[in-house]
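There are 2 protein chains.
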Amino acid sequence: MSRIAVDVMGGDYAPGAPVAGALLASRETRSELILVGDAKRIGKELDKAENTPDNVSIEPASEWVDMDESPVTALREKKDASILVGMRAVKSGLADAVVTAGNTGAATVASKTVLHTLGGADRPAIAVRILNPTGSTVLLDVGANVDCKPRHLLQFAIMGGVYARVILGVRAPRVGLLSVGTEDSKGNEVTKAAYKLLSEREEPLNFIGNVEGGDLFSGNVEVVVCDGFTGNIVLKSGEALAASFETLLRTEFSSDVFSAAGSLLTRRALRRFKSKIDYSEHGAAPLLGVKGVVLICHGHSSPIAIKNAVFAAERSLSRNLNDHIVTALEDML
Amino acid sequence: MSRIAVDVMGGDYAPGAPVAGALLASRETRSELILVGDAKRIGKELDKAENTPDNVSIEPASEWVDMDESPVTALREKKDASILVGMRAVKSGLADAVVTAGNTGAATVASKTVLHTLGGADRPAIAVRILNPTGSTVLLDVGANVDCKPRHLLQFAIMGGVYARVILGVRAPRVGLLSVGTEDSKGNEVTKAAYKLLSEREEPLNFIGNVEGGDLFSGNVEVVVCDGFTGNIVLKSGEALAASFETLLRTEFSSDVFSAAGSLLTRRALRRFKSKIDYSEHGAAPLLGVKGVVLICHGHSSPIAIKNAVFAAERSLSRNLNDHIVTALEDML
Numbered sequence: 174m175s176r177i178a179v180d181v182m183g184g185d186y187a188p189g190a191p192v193a194g195a196l197l198a199s200r201e202t203r204s205e206l207i208l209v210g211d212a213k214r215i216g217k218e219l220d221k222a223e224n225t226p227d228n229v230s231i232e233p234a235s236e237w238v239d240m241d242e243s244p245v246t247a248l249r250e251k252k253d254a255s256i257l258v259g260m261r262a263v264k265s266g267l268a269d270a271v272v273t274a275g276n277t278g279a280a281t282v283a284s285k286t287v288l289h290t291l292g293g294a295d296r297p298a299i300a301v302r303i304l305n306p307t308g309s310t311v312l313l314d315v316g317a318n319v320d321c322k323p324r325h326l327l328q329f330a331i332m333g334g335v336y337a338r339v340i341l342g343v344r345a346p347r348v349g350l351l352s353v354g355t356e357d358s359k360g361n362e363v364t365k366a367a368y369k370l371l372s373e374r375e376e377p378l379n380f381i382g383n384v385e386g387g388d389l390f391s392g393n394v395e396v397v398v399c400d401g402f403t404g405n406i407v408l409k410s411g412e413a414l415a416a417s418f419e420t421l422l423r424t425e426f427s428s429d430v431f432s433a434a435g436s437l438l439t440r441r442a443l444r445r446f447k448s449k450i451d452y453s454e455h456g457a458a459p460l461l462g463v464k465g466v467v468l469i470c471h472g473h474s475s476p477i478a479i480k481n482a483v484f485a486a487e488r489s490l491s492r493n494l495n496d497h498i499v500t501a502l503e504d505m506l
Numbered sequence: 174m175s176r177i178a179v180d181v182m183g184g185d186y187a188p189g190a191p192v193a194g195a196l197l198a199s200r201e202t203r204s205e206l207i208l209v210g211d212a213k214r215i216g217k218e219l220d221k222a223e224n225t226p227d228n229v230s231i232e233p234a235s236e237w238v239d240m241d242e243s244p245v246t247a248l249r250e251k252k253d254a255s256i257l258v259g260m261r262a263v264k265s266g267l268a269d270a271v272v273t274a275g276n277t278g279a280a281t282v283a284s285k286t287v288l289h290t291l292g293g294a295d296r297p298a299i300a301v302r303i304l305n306p307t308g309s310t311v312l313l314d315v316g317a318n319v320d321c322k323p324r325h326l327l328q329f330a331i332m333g334g335v336y337a338r339v340i341l342g343v344r345a346p347r348v349g350l351l352s353v354g355t356e357d358s359k360g361n362e363v364t365k366a367a368y369k370l371l372s373e374r375e376e377p378l379n380f381i382g383n384v385e386g387g388d389l390f391s392g393n394v395e396v397v398v399c400d401g402f403t404g405n406i407v408l409k410s411g412e413a414l415a416a417s418f419e420t421l422l423r424t425e426f427s428s429d430v431f432s433a434a435g436s437l438l439t440r441r442a443l444r445r446f447k448s449k450i451d452y453s454e455h456g457a458a459p460l461l462g463v464k465g466v467v468l469i470c471h472g473h474s475s476p477i478a479i480k481n482a483v484f485a486a487e488r489s490l491s492r493n494l495n496d497h498i499v500t501a502l503e504d505m506l
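Chains as they are written, first to last, in my numbering: chain G, 174 to 506; chain W, 174 to 506.
Don't read these hints as lab results, they were simulated from the structure.
Please note that a few of the clues may not be correct.
Since copy identity is lost for identical chains, a pair holds within one copy or between any two.
Below, a list of computed lysine-lysine pairs in the DSS-like style, where the Cα atoms sit at most 25 Å apart [as the list claims (entries may be wrong)]:
no. : residue 1 : residue 2
1   : Lys322    : Lys365
2   : Lys365    : Lys285
3   : Lys369    : Lys409
4   : Lys322    : Lys369
5   : Lys252    : Lys264
6   : Lys322    : Lys285
Build the full structure now, drawing on both the sequences and the hints.
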């Protein structure tokens, strides 16, 4: 049984969607759900439900960080921000994990400043799962660190490998370094130096060398490592491209003479397509490398996405993900 | 009337597709098409056609760079490589432009070493057009320079802006800097410094600030600037995502009970979809910033893509693209 703090003030549909998601989760788990945020507004949301399960409680926070606020400034000024209150709950032992759909930068900064990084990890990294026809590929970092040194990429590789093994159940996850060509010599200054560091590591790190942008969707690599600048841009461009496919297909089919049959087929295909590519549906992105379990959901997460994030947090806790990460970093650095 | 050298030894379907493409072009233009490569093999390809138009000639080259060869090593060893012979033809005044579907790195290195960069341009940049619902966005650099300094990004912005104006006919193209957030403060060390340089420029550079990965497909910016590492990864991941989308749709629809109607609709939608996103269909990517006109086609270019690249080269020549670039660099640096 775990205690999961849900920052219900974060996200585009806060506090409605996060509260609803926590309630959904609370009915399927014996874990304790701690709703962090404006007590009055949370109360109103809870009133909408038939009853509040016993395993749901409120931890008041009078402030919150908006989606477009500068993380550092906001956290400096808002000492009672919900994301900080959630992190402090973990720090003090009141909670075991934090789930948030709020400002990603604020979640990262709050994690670093309140929880600190795990021994051996200089920086935390945000990892997302990209689904492909045969399974999934974990991409990290997608935004916690815009400027990385080679040793950070090495640490991300180790943490990503552990995550794929412990959480996703891949026996010997192949780890690739995102670059502009598969040859050893390809890359920028940082990745070329990181390549060297990674090549020197032996098992259990299964480093397969450089991979390209296209490999993210190929199923031939389980973990792909990059700096947070590149990762963020790849992720956002991919999301936008997928959304533009959807729009384009809707237009194509609705303009078609077979519109009735077409739209039925399209709706079905699009739904399955979305469920395959939309990482928000598959729970949240873990922030790896901090002393605590932190799951970051997409800003427009639905209640189901929040529920899945709660279960992802439980999995990280029950499988002692962080202990495995610390051991791996100790062994391989 | 221009003289366009086509490196027919480059690309996945060389020399068949490039020769066929040059022949297609030769029947629609009065420009001279100079086929650069193995004379015997070119002769065989020409024999397949009914007749060889008068405006097609052969410039022999006994060697060529394969798609997976290291550009620098290959060009050092193969002095008679077709891409070098093509560049020398431009340098000596025998040709005005080079079109190639070969090794991109080799085309870039050969351009730099034989033709040299334009005054004011420290580095050339490869620019691709990404189509979106309302027009297109030019992304540069997508692979010529993996490590960039802020001043290089400034130069790319100026060259990209001129390209959009002179070739694509956009009156005051909006230029954005690819980053991880739209706020001024977002970015890595290089983009933050580049942001400052770009902000100091006035008209005709219409700098709109940072843009994100998602903006590449939004239609709200006409030119997006980034280093070649990021650009290459975004481009390749986008191509792969589009391809996986296609596969997924084919699977969805073929498994459907309405398979007959579905597949008809799908084929039509996919065809239109592909023609919208596949940049190889829309001619080639210009290498901006070199003394000469160089068009780089996708490795698996069809004859039609090669033909379109020839016309793109003609357009760059007839509109004096390089003169405009030199003037703009002089005015704004």
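The hints, checked one at a time:
Taking the shortest alpha-carbon separations for Lys322 and Lys365, both the intra-copy value of 11 Å and the inter-copy value of 18 Å come in at or below 25 Å. Taking identical chains as interchangeable, the C-alpha atoms of Lys365 and Lys285 lie at most 25 Å apart only when they sit on different chains, with a minimum of 23 Å there against 28 Å within one chain. Taking the closest pair of Cα atoms, Lys369 and Lys409 come within 25 Å of each other only across two copies (24 Å); inside a single copy the shortest separation is 29 Å, beyond that limit. Taking the shortest Cα distances, Lys322 and Lys369 sit within 25 Å of each other both inside one copy (13 Å) and across copies (24 Å).
For the identical chains of this complex, Lys252 and Lys264 are intra-copy neighbours only, at 15 Å inside a copy versus 65 Å across copies, given an alpha-carbon limit of 25 Å. Taking CA atoms no more than 25 Å apart as the test, Lys322 paired with Lys285 passes inside one copy only; the shortest distance there is 18 Å, against 30 Å between copies.
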